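For reference, the chains in residue letters:
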Amino acid sequence: MDTSQRKKYWRENLKYLTILLVIWFLVSYGFGILWVEELNTIRLGGFKLGFWFAQQGSIYVFVILIFVYVRLMNKLDKKFKVNE
Amino acid sequence: MEIQTWTFIIVGITFALYIGIAIWSRAGSTKEFYIAGGGVSPLANGLATAADWMSAASFLGMAGIIAFSGYDGSVYLMGWTGGYVLLALLLAPYLRKFGKFTVPDFIGDRYYSNVARTVAVVAALFVSFTYVAGQMRGVGVVFSRFLDVEVNTGVYIGMAVVLFYAFLGGMKGITYTQVAQYCVLIFAFMVPAIFISIMATGNPIPQMGFGSAGEDGVYLLDKLDGLMTELGFTAYTDGTKSKTDVFFITAALMMGTAGLPHVIIRFFTVPKVKDARKSAGYALLFIAILYTTAPAIAVFARTNLMETVQDTPYKEIPSWFTKWEDTGLIAWSDKNGDGKIQYLPGSAIEGKKPMFIQGRGDYGQRKISNSSKIANELYVDRDITVLANPEIAGLPNWIIALVAAGGLAAALSTAAGLLLVISTSISHDLIKKQFARDISDKKELLIARLSAVLAVVVAGYFGINPPGFVASVVALAFGLAASSFFPAIVMGIFSKRMNREGAISGMIAGLVITSYYIARFKLGWIGNPETSGTDNWWFGISPEGFGTVGMLVNFAVALIVSQLTAPPPEKVQEIVENIRIPSGAGDAIEH
Chain A
1 MDTSQRKKYW RENLKYLTIL LVIWFLVSYG FGILWVEELN TIRLGGFKLG FWFAQQGSIY
61 VFVILIFVYV RLMNKLDKKF KVNE
Chain B
85 MEIQTWTFII VGITFALYIG IAIWSRAGST KEFYIAGGGV SPLANGLATA ADWMSAASFL
145 GMAGIIAFSG YDGSVYLMGW TGGYVLLALL LAPYLRKFGK FTVPDFIGDR YYSNVARTVA
205 VVAALFVSFT YVAGQMRGVG VVFSRFLDVE VNTGVYIGMA VVLFYAFLGG MKGITYTQVA
265 QYCVLIFAFM VPAIFISIMA TGNPIPQMGF GSAGEDGVYL LDKLDGLMTE LGFTAYTDGT
325 KSKTDVFFIT AALMMGTAGL PHVIIRFFTV PKVKDARKSA GYALLFIAIL YTTAPAIAVF
385 ARTNLMETVQ DTPYKEIPSW FTKWEDTGLI AWSDKNGDGK IQYLPGSAIE GKKPMFIQGR
445 GDYGQRKISN SSKIANELYV DRDITVLANP EIAGLPNWII ALVAAGGLAA ALSTAAGLLL
505 VISTSISHDL IKKQFARDIS DKKELLIARL SAVLAVVVAG YFGINPPGFV ASVVALAFGL
565 AASSFFPAIV MGIFSKRMNR EGAISGMIAG LVITSYYIAR FKLGWIGNPE TSGTDNWWFG
625 ISPEGFGTVG MLVNFAVALI VSQLTAPPPE KVQEIVENIR IPSGAGDAIE H
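Read top to bottom, the protein sequences are chains A and B. Okay, so the first sequence: first residue is 1 according to the numbering used here, each after it adds one. Okay, so the second sequence: first residue is 85 according to the numbering used here, each after it adds one.
Be careful, since some hints might not be right.
[To be verified] Covered stretches of chain B (in silico footprint by chain A; criterion: 3 or more residues with CB under 8 Å from a CB of chain A, positions within the stretch not fixed):
1. 151-164
2. 171-180
3. 352-365
4. 369-378
5. 458-467
6. 614-623
In short, the hints are calculated from the structure, not lab data. It should be emphasised that the depicted structure is a prediction, and the values quoted were computed from it without experimental measurement. Every residue, glycine too, gets a C-beta built ideally from N, C-alpha and C.
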């Protein structure tokens with residue numbers, strides 16, 4: 001793999017990381033902590049939404065984020081022929 | 085059959101299983117001993133990581149902490165799961181590609197410096213010893229609770245079992261016993277939770293049950309908030325910690341999780357880079373099953389407690405109450421002399437534990453000598469939240485025994501994982517890398533085994549004579565991991581410009597400031613006690629959350645120092661280029 005390909009691969013990876021980590025931050029620090037009172041005025045069945053994000057929702061999103069990253073990177077590895 | 089008999093049978097079977105696995109998976113080389121030969125499937129590694137991660141505190145304690153702190157308990161839920169996202173995205177794949185045995189290996193090679201390696205070894209040993217001392221104590225407590233033996237005897241039994249498979253199999257033995265231990269502990273945790281959820285709301289899925297309504301049609305959380313505010317508690321869904329503190333504690337736990345050596349090394353055991361990513365996903369999935377159930381159990385238990393005991397005459401209390409009173413986990417002192425239990429905010433006792441004295445009170449309750457002046461009459465140990473569940477749900481005795489086996493599985497798996505890091509640090513990072521570079525693989529394996537024995541003995545000693553700082557394990561282990569390893573590793577991967585000088589000064593700055601803060605505000609070892617109260621916390625951040633500040637200091641110092649000093653040599657920049665590309669990870673390099 002030449003240098004420009006490497007750079008491209010790495011930039012693409014960093015792009016995925018940024019997007020996924022922004023979501024990671026939003027669902028935990030954002031919805032679960034910083035804006036928890038505002039979200040608590042909204043209800044999800046018996047849950048106040050902010051409370052739900054802090055004790056349930058953020059964790060579900062974390063799991064999904066990792067598997068999305070796995071998928072994205074497997075595709076990217078194939079595209080740049082660095083998969084094994 | 086009696087609970088005791090069931091407990092002996094089920095715990096006996098699980099122990100026989102662990103020992104059988106240990107004999108089957110003996111290690112033949114250092115590579116097998118340190119990283120299980122690098123041939124663990126992502127699924128098995130995910131299961132093992134989950135068991136490694138979830139300790140007796142997660143299994144027995146966490147639901148209780150949440151039950152008695154409500155929204156504030158979210159810091160542990162988010163903090164101890166969110167770190168896995170960082171691991172999967174920022175650390176695990178690259179460290180797997182790097183392909184060595186330990187975290188200090190990476191730090192030492194990436195920062196081309198023995199000083200950096202030594203700082204990393206010292207930090208790894210300190211973090212792991214702090215953590216493992218609490219685990220060994222936890223093993224003893226679980227034994228004493230379920231098998232009616234002394235706590236110290238429990239520690240000895242635990243030491244013997246861990247020693248057996250750590251000595252024989254190293255990482256290989258530990259990995260496959262952890263897979264079995266995960267299955268035991270998750271089954272033991274979920275069965276009572278599902279029954280309790282059906283009882284409380286008719287919904288068999290606890291995660292949905294605690295957002296449902298009970299028989300009276302009122303949502304469970306609304307009912308609990310109502311019960312609590314009526315009696316002067318803060319509403320369950322609101323919490324009492326400041327927003328800043330919740331933010332910083334959550335962050336410290338996340339970065340700490342991602343920086344803990346015993347978690348990181350689990351990802352050296354899989355064959356390929358993409359397996360490292362995937363197994364982090366599996367690990368978090370398996371952890372999430374327990375971590376999303378715990379807050380549900382917390383709500384069921386707290387509601388049940390508030391409804392059952394409030395203004396109930398002691399004479400009419402259900403039998404689980406008196407049973408746990410006999411073990412000292414519940415205490416009641418009839419302060420207003422009405423024979424009924426009043427459960428109100430504030431501590432019912434002076435100090436941490438009730439001190440029981442001879443004789444029984446007017447209603448048959450156990451007498452205590454240290455009841456406080458506050459109107460609250462009830463002391464409840466948080467651990468009861470999980471322990472009493474099967475009885476409250478009226479489940480058969482064998483399930484209660486299963487919970488015992490689950491608690492032991494959780495404690496043993498975590499202790500074993502930590503002990504491996506300690507023995508690897510001693511035999512590989514210290515002896516092999518610092519003093520005896522030329523020793524043969526056979527000799528190193530022998531040294532690794534002896535280090536495992538030494539580590540078990542020291543950890544057992546700490547378990548029997550717990551040093552004062554063990555109670556602060558959350559602040560210490562996570563704070564120090566967040567302020568030292570996490571930044572050093574992340575910068576080592578994502579910045580080619582980061583050099584030896586920057587990394588070392590950053591790690592030292594992070595470690596020093598975090599240790600200072602914890603020593604002053606948590607342990608009270610330094611500084612004037614009068615100026616070390618909660619009012620004096622910097623920016624209102626508790627010691628548990630200060631690891632985040634330590635981490636930021638580490639990043640800042642490292643970036644500034646590295647700009648003022650020479651860039652790393654060409655060869656090191658090539659290493660960084662290389663770990664960013666997943667192909668060619670091959671086997672972990674033997675050296």
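Each hint tested on the structure:
1. 151-164: holds (count 5)
2. 171-180: Three-residue rule met by the segment 171-180 of chain B, so holds; n is 4.
3. 352-365: holds (count 7)
4. 369-378: holds (count 4)
5. 458-467: Contact hint for the segment 458-467 of chain B vs chain A: violated, 0 residues under 8 Å.
6. 614-623: violated (count 0)
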